[in-house]
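Undergrad: Line by line, the protein sequences are chains R and H. For the first sequence, the positions run 1 to 330 when the working numbering is used. For the second sequence, the positions run 1001 to 1329 when the working numbering is used.
Just so you know, the hints here were simulated from the structure itself, not pulled from any lab data. One thing to keep in mind: the hints can contain errors.
[Stated by the list, open to error] Cross-link-like lysine to any residue pairs, in silico, SDA-like; alpha carbons within 20 Å at most:
(1) H:K1027 to H:I1080
(2) H:K1210 to R:Y39
(3) H:K1235 to R:R176
(4) H:K1255 to R:D161
(5) H:K1230 to R:R167
(6) R:K311 to H:P1158
(7) H:K1024 to H:P1051
(8) H:K1235 to R:E173
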Amino acid sequence: MTTQRRYHYLHVALELLKSYGIITAFIVLCVVLSIVSDYFLELQNILNILRQTSINGILAIGMTFVILTRGIDLSVGSVAALAGIVAASFATTSSIAGMPGAPYWAVFATVIGILTGMVAGGLSGTVVSRFRVPPFVVTLGMLSIARGLTLLYSGGLPVPDLTPRFRWIGTGEFFRIPIPIFVLLGVFAVSWWVLGRTRFGRHVYATGGNPRAATTSGISVGRVRLLVYVISGGLAGLAGIILAARTGSGLPQAGISYELDAIAAVVIGGTSLSGGIGGVTGTLFGALIIGVMNNGLDLLGVDSNYQQIFKGLMIVGAVMLDSTRRADSH
Amino acid sequence: MKLKMAFLASTLAFMTVSGVAEAKPVKIGVALYGLKAEFMQLWAAAAKNSPEVKSGTAVVTVFDGRYDPLVQQGQFETMISQHYDAIIFAPIDADAGATAVESAHTANIPVIGTNTRANTDLLTSYVGSDDVRSGYLEAKAVLDKIGCKGNVVIIEGPIGISAQIQRSQGNQKALAECPTVKVLEMKTANWSRAEAQALMEDWLTRHPGKIDGVIGQNDEMALGAIEAIKGANLKVSDFAIGGIDGITDALLAVKAGEMTSILQDANAQAQGSLDVAIRQVVGDSYKPQSAIWQQYPNMPWAGGTAKSYNVPWTPVTPQNVDALLKMRQ
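Isolated chain H, as found in the complex (with noise of 0.2 Å):
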């Protein structure tokens, strides 16, 4: 009698819920860590121009972090209190991050990871790309250019971010393959174009002649690198500078043969994410819209319940810079 009324309650509350999914759109909130960089805004506008939200599944509300862990936790709680279905959550800082989590988690809201990583289990899933792969791509990329000899310099991102943290351990594992090459100097620049321009210009004044390769830990970095090169009046082709994230203005630099980049795709993580967090509200019912399960074979849908979705890198590379460039228009 008891376990018929329990199966009983259990059918109608799921009746009720996908009723009310299917009547109503699915409310997300995105809490992005901050939207005064490119990559951000691009991840932004692919969720805002996503099938998901333009079939009328979902609505997706976007919250700008601000890069302060404090007003994304305050940001959480607005989501809460408005009873949001699910939220997809890019943290500024890994530790603050999984408070955050632990909130929306005790309030029964699925917690989708994007992005940056959150130091807690409590992530219902995660749809990102490995920031320690992309570390070590591209350091590769530069290292191989100069023959696996010489010297390079790192610029690096805010000291202490997660991104920074394991591009730095991708960079040292590549580093380490190449036991020879001499990192001669290795500072922060704060994912700014304008600050890595200094920087580099001082560096080639320590070591005139000296510098082979330049690994930027973001586009941004490397295209400042390349712009204090160009004021030193020395040739951009005599240096080996890569980048990550595949932002336009890197985009067209690649075309121009003056650095190597890695895109990071922000439309695969924005729709994954949405698709991920549609399906833990809708229910196994539920097949994912976005065109990028199609796109990336080598990561399966696996019925939208997986811990981790692992967003591939794509090295861009003369062959396919003008069509990447195409994309963004």
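So here's chain R without its partners, still in its complex pose (with noise of 0.2 Å):
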């Protein structure tokens, strides 16, 4: 009888971390982390993970939609940078870098960045829908175009001098939580909200469940893997804003190979790659768990090369656990 009771709480402990696989993770890392430092649970040190979660939280918010479709989006790296370098020519005082007229309000500065960035998605998005190209093949080709641009927008320099208003949306605080936050927790919630409760988010998963049928039961399949670009680039936008105004400078070299993070986080957090299954949750949580794991490997001191192979042995953990998942389910 003890055997099989033992059996049965083993079970209920399996198929919760199956369901809440990536919740109980992060539980379990956090406690481990603030039992080896005594530093991990301070205030601010919340505050600075969640801080510097949030460039990379908002891009994997929008990769979800991306991936949710079936897609991919590897241009938000440099799209970030690109949006970046353009806000900040619109809000800063130099006068070498700037736009003609600059420094504008830092709200059109910031929403010029934003269409920037929702520009550049609706483009692959045109491409991947009308012209059937695969999104990898497309956004791989909006990475180059957009660092390429950056840097003749840019001549390469960075753009500094950035205005206090504009710097405010990376710097900023509201009762002692720094801005960049809410704007994570406010693109979450929006999304959380669209994705579950919107016509428009059942659609996005009824394309990446099963095209064919979701074509068949009447909706616009080639509207929504278009929308969706265009939501993930505007956020790789609003990200390369952040990015800007908390480093001080449009760069021009910013951004680099942030997209295999945004799909980290994505893929830790339980979104499947091959569509239908998932969402923001997930994927905040994927974030915060690569952001908690640097910023523990940080305050224990540990070597930045070990980072990389935790990340790894994550991303791969993380499929598997999907896998045995869906194949449980079938």
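Can you join these two chains into the complex? Each is in its own frame, and there are hints to help.
TA: Structural data, given as structure tokens:
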């Protein structure tokens, strides 16, 4: 009897791990780090983690929309750099690097930056949905194009001297909590609502789950595919603006290989690369796990090379968990 | 008779070569390791706007190595098959760079090294700055400011790149002169401002109130550390912060009294290596055209055939910063 009960507990624990694996893993990681490091649970450190996670979190949430439709967006890092430097050129007081008439209102510069990202995403989305070119190829092209445009636009030089209003997006605080954290939570809340509570959200899942069935049930699959890239591009633009505001300069070499961390967060968060399954809650925790791990290993003074190994193990582990879960449900 | 023929032939050959060189501009390929950061952009701009190019003596094609030794190898193959007269080379990797230099050497094309090192003695000449020296100077500036006592952190460049290795050596040399100074942390932020910012935020949490100095192996990372200090609501003036390269943002930060920097002279490296390269093609009749030979009397032209030209570092001070900023416009 005891063996049976023990088996039962084990079974329940395993089930919990499978359904809430990501949250369990997150909690375990936090508990371990709070035991081994005295500084981990300090308010300032928690705020640091959240602030450091905000940029990858925002990119990863955009990436979630795309991956849910069976797509991928490899261009987010470059698009973030492009949008960041364009926005910065509207918000700088430097006469060399700025647009004529700069600095403009921070709100205006921000909107321009986000629009830049949306246009880049829209171009990728159009090619994906109209011309049926695989998303991997299209966004790989955009990765290169956006980086080239960034260097062309800036002449390879940073855009410094951003106005305090613009920098507030990256460095400001509200009740001692950094603004990027509010932006991340805001993006998360809206995305959670869009994916879970709106018709468009259902269409995103349907498009990724079974595109043919989605088409026959009257969903405009092409439109959905276009829009997810616009969302991803716009959020990459937003992330680039925060990055520029946080570092104090629009940097042409910003965001290199950020797409990989964003994809890692989505995958660790349990969204399936074959589309239709997952969501932004998992992604948020996926991004947090990466952030906590980087921070924890800094606090413990662990060699940065281990960080990459741990991240790699976690990505593969998460996908393994995902495939066993799906094998169970069949 | 035989001797006479040989003499005649070589004179003829020399005349054709010099005749060609005067009729057509010297075709120089510049293979830089990557154009994403400001320093190499300044380098490339200095080469394109050089007196050598403006006077029509040389035409310069810049190749972006995209931080990939394989890409640079391919660019060497291109330059060799297109018969460039000389190559100026800043390799991303010292050992892979050596292979590229060998292939050009086999094709009888002179290669002038610049900025970063290649592990080979087949380079015709090297026009660059000694990174051990800059690592020493910047660490010394930080240590002097904290009075040779207290705790420092070091933010390193990408591990294994020659600039990181040599600047680290220089850092350690300066630290050895202050044996009581403790290095609390040493980690890479891959030349990146954003990465250094996150790293410094974490260190400030781990060592509250204990960090006195920050040795950033380039300006970008030192600037990231400054942003982290500001973000933690600490006073930048309570820290001694050093960087290397003299990029524009760093010059502005020096002006604001937030850090020290050491200018690596992209202009002198670019125009100096161009003069040396042209001299190899044209011959000893060539007179260098760049003003940098007057600017640095400690780096004599020496007929343009020296194996190595050491472009001096210029510490950026509140006194010279305005003049340096003016040169950027």
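Undergrad: Looking back at the hints listed earlier, which ones does the structure fail to meet?
TA: none
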